[in-house]
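Chains as they are written, first to last, in our numbering: chain A, -1 to 389; chain B, 6 to 422.
Just so you know, the hints here were simulated from the structure itself, not pulled from any lab data. All C-beta atoms, glycine included, are put in the ideal place defined by N, C-alpha and C. Check before you lean on any hint, since a few could be wrong.
If you want the footprint, here are the derived chain B segments under chain A, 3+ residues with CB under 8 Å [claimed, not checked]:
#1 107 to 121
#2 212 to 222
#3 361 to 374
In the DMTMM-like style, the derived pairs of lysine to aspartate or glutamate whose C-alpha atoms are separated by at most 20 Å in a straight line are [claimed, not checked]:
#4 A:K383 - A:D108
#5 B:K125 - B:D112
#6 A:K9 - B:E321
#7 B:K344 - B:D282
#8 B:K84 - A:D108
#9 A:K285 - A:D67
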Amino acid sequence: MNLKKLNIENKKIRNLIPQALTVLALLSVIIYFATNAQINMGNRGISFGFGFLNQEASFDITFSMIEYDGSHSYGRAFLVGLLNTILVSVIGIFFATILGVIVGISRLSDNYLIAKVAEWYVEIFRNIPLILQIFFWYFAALRALPLPENGISFNDISFLTIKGWYVPKFIWTNFNIFLLSIIAALIAIYFLNSYATKQREQFGKQIPTTIISLATLILIPLFTFLFLGVSLSFEYPVLKQLSPTVFTYAGGVSIIPELIALALALSMYTATFIAENVRAGILGVGKGQKEAAASIGLNKNQILKLVVMPQALRIIIPPTTNQYLNLTKNSSLAAAIAYPDIVLVFAGTALMQTGRAIEIISITMLTYLTLSISISIFMNWYNKKMAIKEK
Amino acid sequence: MNLIAKPSKENIKTYVPIGLFLVSLSFLDVFINAFFNFNLMGFLPSQLSYFLPLILGFIGFYLIRIEFSGVRSLDVLNKNINSNNFNALLTLFTIFIIIKSIPPMLDWFILEANFAGNSKDDCTGNGACWVFIKVWFNRFMYGLYPDAEQWRINTAFLILFAVVGVSFFVAEKLKKYFILFLVFVFPFLGIKLISGGSFGLEYVESAAWGGLSLTFIISAFAILFCFPIGVILALGRRSSLPAIKYISIGFIELWRGVPLITVLFMSAVMFPMFLPDGTFIDKLIRVLIAITLFEAAYMAEVVRGGLQALPKGQYEAAKSLGMGYWRMNALIILPQALKLVIPGIANTLLALVKDTPLIFVVGLMELAGMIGLAKTNPKWLGMAMEGYVFAGLVFWVICYAMSRYSQNLEKKLSTER
């Protein structure tokens, strides 16, 4: 009896020792680093703190989605960088998903040529480092574009030049009403879909939801144009002569080449991984599922929509989430071609000016951690929604 | 009436020759247009002559689409590239695009490219200027490493290849000594040889290292160190001891949540702040530590996948034999778990190799960095395309070979159940 008790205590102690040692080692490393940091900062006459965020930044940023100039604060500069990072990530995720789905489905095509072309696309773009692809687009491909005076014109409304892509600017009146109408339409579609699902599951009635949804999405916003005073006009870019040899475009929106190169490289690179996920997902749905669906009389579209896709999505979503996360993190390579993302603006210029390495690097890393965690929380929620609901 | 009947086995004799003729005509038209800049159908109105190959090819493919024709090659053709109208169109588009893109590519890469010479002025053609690569090749391989000392890098890599090569042929018993040498002795021997400073070798500071050889050095060291750290982190994350478990989770998720570039920034500007004043750790070593820890976190997640996939019975069986924690993991669990995740390990190592160019952040220049340096040289402006195509090719060959090798390894090691 006594011996047994001793043995249990012995085990407890045996478990405790490695844990205590690990914690102790970790703590001593942290304390060592912290004291060193304190001494170093003391020597250089800087004190730890985030007050510098309110100081005037006095540097310019080439591309900003919100109002910014040198007189704004470092905090504002951080926000500009963050928004630019989010912008390029969203664009990249959007195009990578479309391209990835197309390539993934093409790899399963019964057309031999299409399947081979898709396979080689994946093999080529997956095995070249992303940074090289960014360099290629930015330093080699986009530099081959013409100067503004003979830019490639798309019907004279949009121009592609070495200095960027000039597109028309949207000028809205009463944009809020339009936005509200879109939201209203989306809510209506949501309720329509849940109603249709109920009808289908309880009474076996089929409601053509796709057509009705599309109609709602077009008709309600159209209504605001006709009756509620919403209107949209465009401001087209126009060629302007600055000096006898220098031309530029005035008006419209200029998409800088850094953004184009980064978005192109990110989406083409990530698309290869998404394509592999899509392929694995569709292959992962058993043949029996399709045959069973066909045998109860579903047509080809219904099989894809009701049987194959819901199951394939379950396999596709988790690894694709990872790819979205990777894309967001990879957007930090922007610093290599001077696209003003958070790394370049904040961990680059702001750090050089203030010398506050610890604060700035921690803020940058924490920002990325937050971005990563929020994407994974959102995708986990979506994944749960798509997961098997056992009844 | 008979002429517009649906293609079938009855009219195969008339339809197939006509169809094949139309398809070949459409390809011939695009081919001649692409290679000789001559439009066969130029006599037609411009809109029509533009779309004519497509229309001809489409009709041709329609005519030869005969199910169960009894001709084997025709059936194979129809099944693979011509199963319906949509597929026929896709096939035509793909082939047209391929034919159209061959001549400009061929021109740029070979026909109009310049190979001879030793300055930019020798590049007269419209194509690539491979002279650029030729002149800078030494720098692309060895960075700024002094020319006279480059035999040291060569020797280090030669020893590596020789030892690896020999170890494939020696008896199983001796193999483990070779592996021990490669893992524990060679890395330090090689680094000593390359950096010098003793045995009468001239010291070469790591800032001068560069080019493709630096890519290999960093990849090799990071792979060597990130693997054991990753395994330990994975075991830690699965540990029943809460403190160890949560420290491992925190460590792994911290590295996985941030981009490598910020980690490198950290190693460059933030890490020196954490060391006692006056201590200096070489830039290359700091970068190596950063990359190793970063990739170890990814490796840990891969290994954890393998650990989770093992049935509980394996653990119980090992314990019932009286094995302790370390013996159980080393002899029973890890060999099986690692085998399960070979593709994942290979992908992580591939990602590591592809991440090495990022060391430009701290001012080290491997292949991509050297090309960046060369293309800004005033004598060689405008060579970005050649440089990055070359670097892309080199990296592609390395990464493609690695992924192929891992696929083979996976096949070789898979034990049928």
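According to a criterion of three or more residues whose C-beta lies within less than 8 Å of a C-beta of chain A, is the region 107 to 121 of chain B covered?
violated (count 0)
Pairwise hint evaluation, D108 of chain A against K84 of chain B, where the allowed Cα distance is 20 Å at most
With a Cα-Cα distance of about 8 Å, the restraint between K84 of chain B and D108 of chain A holds, given a limit of 20 Å.
Check the hint pairing K344 of chain B with D282 of chain B against an upper bound of 20 Å on the C-alpha distance.
violated (46 Å)
Do the alpha carbons of K9 of chain A and E321 of chain B lie within 20 Å of each other, as the hint requires?
holds (19 Å)
Within 8 Å of chain A (C-beta), three or more residues of the region 361 to 374 of chain B:
Since 6 is at least three, the answer is holds.
K125 of chain B and D112 of chain B: Cα distance at most 20 Å?
holds (19 Å)
Test coverage of the region 212 to 222 of chain B by chain A using CB-CB distances below 8 Å; three residues minimum.
Violated - the region 212 to 222 of chain B has 0 residues with a Cβ nearer than 8 Å to chain A, which falls short of three.
Do the alpha carbons of K383 of chain A and D108 of chain A lie within 20 Å of each other, as the hint requires?
violated (32 Å)
Check the hint pairing K285 of chain A with D67 of chain A against an upper bound of 20 Å on the C-alpha distance.
With Cα atoms ~60 Å apart, K285 of chain A and D67 of chain A exceed 20 Å; violated.
Violated hints, listed in ascending order, are 1, 2, 4, 7 and 9; each of the other numbered hints is respected by the structure.
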